[in-house]
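A.B. asks: Read off the chains here:
Number of protein chains: 2
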Amino acid sequence: MIAFGVPNGQALEKKSDYIRLIKEFGAKPITDELLKRFKHVHPLLILRHFYAHRDLDVYLDYHDEGLEVSIVSGRGPSNYMHIGHLMLFRFVKWLQDELNSYVYIPLSNDEKYVFGKTRDLDEAYKYAIDNALDIIALGFSEKRTRIFISTRISEIYELSVRISRYLTYNTVRATFGLNDSTNVGVVFYAAVQAAHILLPTIKEGQPVLVPIAIDQDPYMRLTRDVAERLELMKPAAIYSKYVRGLTGEPMSASKPETSIFTVDGPEDIKRKIWNALTGGQPTVREQRKLGGEPEKCVVYEWLRIFVYKDVKDARRHYDACRSGELICGQCKRMLAEKLIQFLEEHRRRKREAIKKLDRYFIHEVRIPDELHIT
Amino acid sequence: MIAFGVPNGQALEKKSDYIRLIKEFGAKPITDELLKRFKHVHPLLILRHFYAHRDLDVYLDYHDEGLEVSIVSGRGPSNYMHIGHLMLFRFVKWLQDELNSYVYIPLSNDEKYVFGKTRDLDEAYKYAIDNALDIIALGFSEKRTRIFISTRISEIYELSVRISRYLTYNTVRATFGLNDSTNVGVVFYAAVQAAHILLPTIKEGQPVLVPIAIDQDPYMRLTRDVAERLELMKPAAIYSKYVRGLTGEPMSASKPETSIFTVDGPEDIKRKIWNALTGGQPTVREQRKLGGEPEKCVVYEWLRIFVYKDVKDARRHYDACRSGELICGQCKRMLAEKLIQFLEEHRRRKREAIKKLDRYFIHEVRIPDELHIT
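Protein sequences, first through last, are from chains A and B.
Each residue of the first sequence is one higher than the last, beginning at 4 in this note's numbering.
Each residue of the second sequence is one higher than the last, beginning at 4 in this note's numbering.
Looking at chain A on its own, in the form it has when it is part of the complex (with noise of 0.2 Å):
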């Protein structure tokens, strides 16, 4: 996902905060209505995981016109992939099925250094190549979709520039809270954002979709306001609820326990799980006598959003964990199993991935060295 400078999973907890954006600040949110336009409706939709747009259904109109189209969908190169990017990504994967559209995917190095989440370009290169190899390892098209490392194309700057005129210090400043001694890297990252976006309307005149968590509503604001100035079609957005990470607090790559990261081994994902926060009871007898609160339970949530494939699954074992039927262990070993042995046979996509890596680059690339796959 496109993720500007936010601290990793910087989650809007409440409720309200999930209708505030679409109160205040004028998203929709995703009707029956717009889910029919869709032939197959992807069960993170029909969860309303991802639960508000902008502009989702002029996208829909360009593509039902026969436009070709675009989505974009960036990852900041700071580590490895945990489990949630790999879901984003399956999503972008669905929706690139369901639209047969292009898909641009921005590693943005020059992001993650800037903002000192590496120590220095060559780490997010390295990083960079092994998250591409995820993304490629979950099946894009190679025909249609385009991996690039920001730094690594000159279209990129130059398009930065070109939309740096029209944002002043001011705007980036409010619009992501920056204080004066930020580095300018921080502060012209704004406009390179904004061209990462933008790059697929600027160059093949295709619309932009870009599935985006719902706290990075202010950058998206920020680029279609750019967009407009520039006499172009506004991106569309798609925004997410967050995902908790299994200790209750969000993912981040900082806190290991927090998430199931790509590189982690049985062992790594079993104790995580055996150690998440859930809504059981103290006592297996009480849990069978009152049964579980699902709502609390990190890993009834990551079953819901990341295993059950069917809407109806997760209702039954909703109902089950409510009446006492299921206890925490059975949850947990369920996850843990379901997530070893998805991460296994995407290992083995991820290996197969590394030979194809140049047909979905626009730019030459090298494999680092020191490349981490298990």
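Be aware that a few hints might be false.
Pulled from the structure, derived: some chain A residues nowhere near chain B, Cβ distances all over 12 Å [unchecked claim]:
no. : residue
1   : V61
2   : L102
3   : E145
4   : K258
If you want the footprint, here are the derived chain B segments under chain A, 3+ residues with CB under 8 Å [what the hints assert, rightly or not]:
no. : stretch
5   : 112-119
6   : 149-159
7   : 169-181
8   : 190-198
Hints were generated in silico from the structure; no laboratory data involved.
The C-beta atom is built at its ideal place from N, Cα and C for all residues, glycine as well.
Following the hints, position chain B against chain A.
C.D. replies: Just chain B, lined up with the frame of chain A:
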């Protein structure tokens, strides 16, 4: 010249300003001792048109030890070049011959666009190619000269990003006198300019010398600070005074009468010089009797800087003016003739330069349709 957003030729008019740089900011005067280190000394050095430096001695040490050295001399392509620009590049060409050095010439289309000096990047591109032809026409070495348009090689952006983490908004605002409604392109350009200067050192390990107008020393200091933090050799600088425009004001493309441009025809040249500010007496009779004041005269200043190759010729001219032997019409005719002749020959070479343009550029170039070469 690396010209950072300063109104064209915003001269330090007073002698005291020239001295202040040396006293307050620690630049050093160019001494006779230092000039002895060149095989053939350029008149602009003897005249102390280039009058101060930072680490030129250290740079010459590197050269004498057999290290390959570079000169970085940029150009902001917002208009056709004028005679002042040509003379600066002619000096750079002399330095190239003298030191057998590489010359890097960044054409900062980004700078001119973000500072609002060109309508769009395409306009800056057009001037960049025109200016490059003027520069090539001066006879730079094909093998040892690297011209590039700032937004057209990804290395410049990548290096700017690397530098940007060491430059806070506060520092840049103070150095360049920005206010908070400045666009973010201007803010970031501080890092881009440093990238232009440091590229040969980072890419090739070569010491760099920058010939630059004296009022740009603050940017030079900033770049030298950045070099220190990146543990690189600090770039050396050699500082010139300003040459006044024909009207006595600074030369500027927005005031065509202040200078002679490469596109000016003989009639333009004669007219502009005929109207130039001189130090002459109101009548020929008074001139013969009292003599002129060459210190005030722009025509004399131009002859001295642009025409005379020998300091002794300039001195003879000075005396002849003082004594009343010369009258203004003679000097104006002489200057006009020399410049008409020089520019005619220059334009011939410029037309020839079209054929070898791509041998100087380090990226692909195309000749724009509306290139203006007379």
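A.B. asks: For each hint, tell me whether it holds in the structure or not.
C.D. replies: Hints, one by one, checked against the model:
| no. | hint | in the structure |
| --- | --- | --- |
| 1 | V61 | holds (28 Å) |
| 2 | L102 | holds (30 Å) |
| 3 | E145 | holds (24 Å) |
| 4 | K258 | holds (24 Å) |
| 5 | 112-119 | holds (count 4) |
| 6 | 149-159 | holds (count 5) |
| 7 | 169-181 | holds (count 8) |
| 8 | 190-198 | holds (count 4) |
When each numbered hint is compared with the structure, no violation occurs for any of them.
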